[in-house]
Structures are given as structure tokens and as C-alpha cells.
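Chain order of the listed sequences is A and B.
Letter by letter, the first sequence follows residues 1 to 97 of the working numbering.
Letter by letter, the second sequence follows residues 98 to 175 of the working numbering.
Among the hints, erroneous ones may be present.
Unchecked claim - Capping the alpha-carbon separation at 16 Å, the derived lysine to aspartate or glutamate pairs in EDC-like fashion look like this:
hint : chain 1 : residue 1 : chain 2 : residue 2
1    : A       : K26       : A       : D76
2    : A       : K60       : B       : D164
3    : B       : K148      : B       : D164
4    : B       : K174      : B       : D125
5    : A       : K60       : B       : D144
6    : B       : K134      : B       : D144
To be verified - Derived CB-CB ranges, DEER-like:
hint : chain 1 : residue 1 : chain 2 : residue 2 : range
7    : A       : T27       : B       : T116      : 56 to 64 Å
8    : A       : K60       : B       : P155      : 18 to 26 Å
9    : A       : H96       : B       : K174      : 27 to 35 Å
10   : A       : E55       : B       : I175      : 21 to 29 Å
11   : B       : P172      : A       : H96       : 22 to 30 Å
12   : B       : P155      : A       : D76       : 31 to 39 Å
13   : A       : E55       : B       : E168      : 19 to 27 Å
Hints are computed from structural coordinates only; laboratory data are not their basis.
We treat Cβ as the ideally placed atom computed from N, Cα and C, and that holds for glycine.
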Amino acid sequence: MMALYLRPLSRGLATAAKEEHGVGGKTWRLLTFVLALPAVAVCTLNSWLHAGKHERPEFKPYHHLRIRTKPYSWGDGNHTLFHNPHVNPLPTGYEHP
Amino acid sequence: MSNFSTPPFDPRFPNQNQTRNCYQNFLDFHRCTKIMKRRGKDSSPCDYYRKVYHSLCPLSWVQRWTDQIREGTFPGKI
Numbered sequence: 001m002m003a004l005y006l007r008p009l010s011r012g013l014a015t016a017a018k019e020e021h022g023v024g025g026k027t028w029r030l031l032t033f034v035l036a037l038p039a040v041a042v043c044t045l046n047s048w049l050h051a052g053k054h055e056r057p058e059f060k061p062y063h064h065l066r067i068r069t070k071p072y073s074w075g076d077g078n079h080t081l082f083h084n085p086h087v088n089p090l091p092t093g094y095e096h097p
Numbered sequence: 098m099s100n101f102s103t104p105p106f107d108p109r110f111p112n113q114n115q116t117r118n119c120y121q122n123f124l125d126f127h128r129c130t131k132i133m134k135r136r137g138k139d140s141s142p143c144d145y146y147r148k149v150y151h152s153l154c155p156l157s158w159v160q161r162w163t164d165q166i167r168e169g170t171f172p173g174k175i
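So here's chain B without its partners, still in its complex pose:
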């Protein structure tokens, strides 16, 4: 019945400010997808990162970053 989950504890981000947790998982998802595609492999292992950042990140941030990636102005390294 209960199909809800929440991201597990990440010891890299133990404190109240989870901003970097959100950003790091967002980056990791895109890096993972890019590398898997480049190697021609299935990118479903990357879904873990997507679930985590979907839980943690404010939607406005995700939308802003996705738009920036599409425009080519995303400041992070993917």
C-alpha cells in the first residue's frame, strides 16, 4: 500500500542545510545520464539521483537549472 519513500540519510550532508545535497544529486543525475548514454548503456541506475533531487530540491530550482541546461548557460560541470 505505501509506496512512498524519502531519500536516505547522506553522511556527506549531515546538517540542516541540505542545499548542497539537492545540487549534488542534480549534478550526479545529469552526469550519470550523460556518461551512460555515451557508453550506450541503460541509464536506469541514474534514477536514484533523480528521485533524491526530486524530493529535496525546490521545483523552481529544478526548472531554472533545466532551462539553463537547455540554453547552455548552466554554470555547473556536467
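In isolation and in its complexed conformation, chain A is listed as follows:
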């Protein structure tokens, strides 16, 4: 799909801009509003539709995961930097049921 837009511009961005509309990036502004932002909107919609309560996997104290050779330098040394209590278990298990 990108090829449709890139084919006339394949000679180079500046040349194409000069040939079509003059320097100023009109093509790219158009592409931003017509292609990129609607694509962001569609992907956002898709995310909201797929959200909702997800069942979290059962906790198994695997030795190759949640390794603590040395405590982290922040907090209590046991939580990762972006720890999410709902989906990230500690080495001993999930925090809340």
C-alpha cells in the first residue's frame, strides 16, 4: 500500500516535491492527515475493542525467570522499574489475588 504513494516519489523526496507542488512538504502533510492519523485511529479502536478483563497465567516459580542476583537499586529492590501488580508476579508469586 505504501508503494502506491512511494512510486512517484522514488526519484527523491526533494525532486518530487519540486516537481509536484514546490518545496514545502505539502505531500507529506497530506499523507499525515489522510494516511498516518487515520491509521492511528483505526489501531486505537482495535486496542479498545481487544481490551477488557484478561485472565492472567497461573504462577509457576520457574528458576530461569524473575532472577534476583542482586537487589534492584530502587524501591525495595524486588520490584522491576515498571512493575504492574496485576500481571507481573514477584519471585514468590502475584501480590494481590
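Starting from the known structure of chain A, arrange chain B on it as the hints suggest.
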């Protein structure tokens, strides 16, 4: 008189590092036993794998893996 044997050459593991040989036979023994039990058959054909991994694997590895299987934390697929 001589009742000693050693695992035969396994062309899947031709080089000096026999780590995977040990691990593979350990896995194969447990998979074999599990499937034979599930089908209600005698699991003595699986003894080949047990003899091989007993020869090749360090005892500490076997003990660690057996403990992990018992706890349910063994990382391999059995």
C-alpha cells in the same frame, strides 16, 4: 565378568561438548516413561535413555532437574 558399558556414539552430538546429549536423553527418558504409562505399556524400553543420561550427566544436574520436575518448575517440555 565385564558388565560395564558406555553410551554408544550418537551422531547427533559428534563434538566434545556433550551437554545437549545429556539433556536430550534426560528429556527422552521422561517423555518415554510418560507416554508408556499413559498407554498402559511397560516402560522398560525407556531404560536405554536412563542408562545414557546416568552415564553422561553430572549427578548435580540430575538431582536439580528431578527436584524441579517434582516441584513443577522444570523448564523443559515433558
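Here is how each hint holds up against the structure:
1. A:K26 <-> A:D76: Answer violated: K26 of chain A to D76 of chain A is near 53 Å, above 16 Å.
2. A:K60 <-> B:D164: With Cα atoms ~14 Å apart, K60 of chain A and D164 of chain B stay inside 16 Å; holds.
3. B:K148 <-> B:D164: 19 Å, violated
4. B:K174 <-> B:D125: 10 Å, holds
5. A:K60 <-> B:D144: Violated: K60 of chain A and D144 of chain B sit about 30 Å apart, past 16 Å.
6. B:K134 <-> B:D144: 14 Å, holds
7. A:T27 <-> B:T116: 56 to 64 Å: Since T27 of chain A and T116 of chain B have Cβ atoms about 58 Å apart, the given range 56 to 64 Å holds.
8. A:K60 <-> B:P155: 18 to 26 Å: 25 Å, holds
9. A:H96 <-> B:K174: 27 to 35 Å: Check passed, 31 Å falls within 27 to 35 Å.
10. A:E55 <-> B:I175: 21 to 29 Å: 25 Å, holds
11. B:P172 <-> A:H96: 22 to 30 Å: 27 Å, holds
12. B:P155 <-> A:D76: 31 to 39 Å: Because 36 Å falls inside the window, the suggested range holds.
13. A:E55 <-> B:E168: 19 to 27 Å: 23 Å, holds
Comparing the model with each earlier hint shows violations of hints 1, 3, 5; every other hint is respected.
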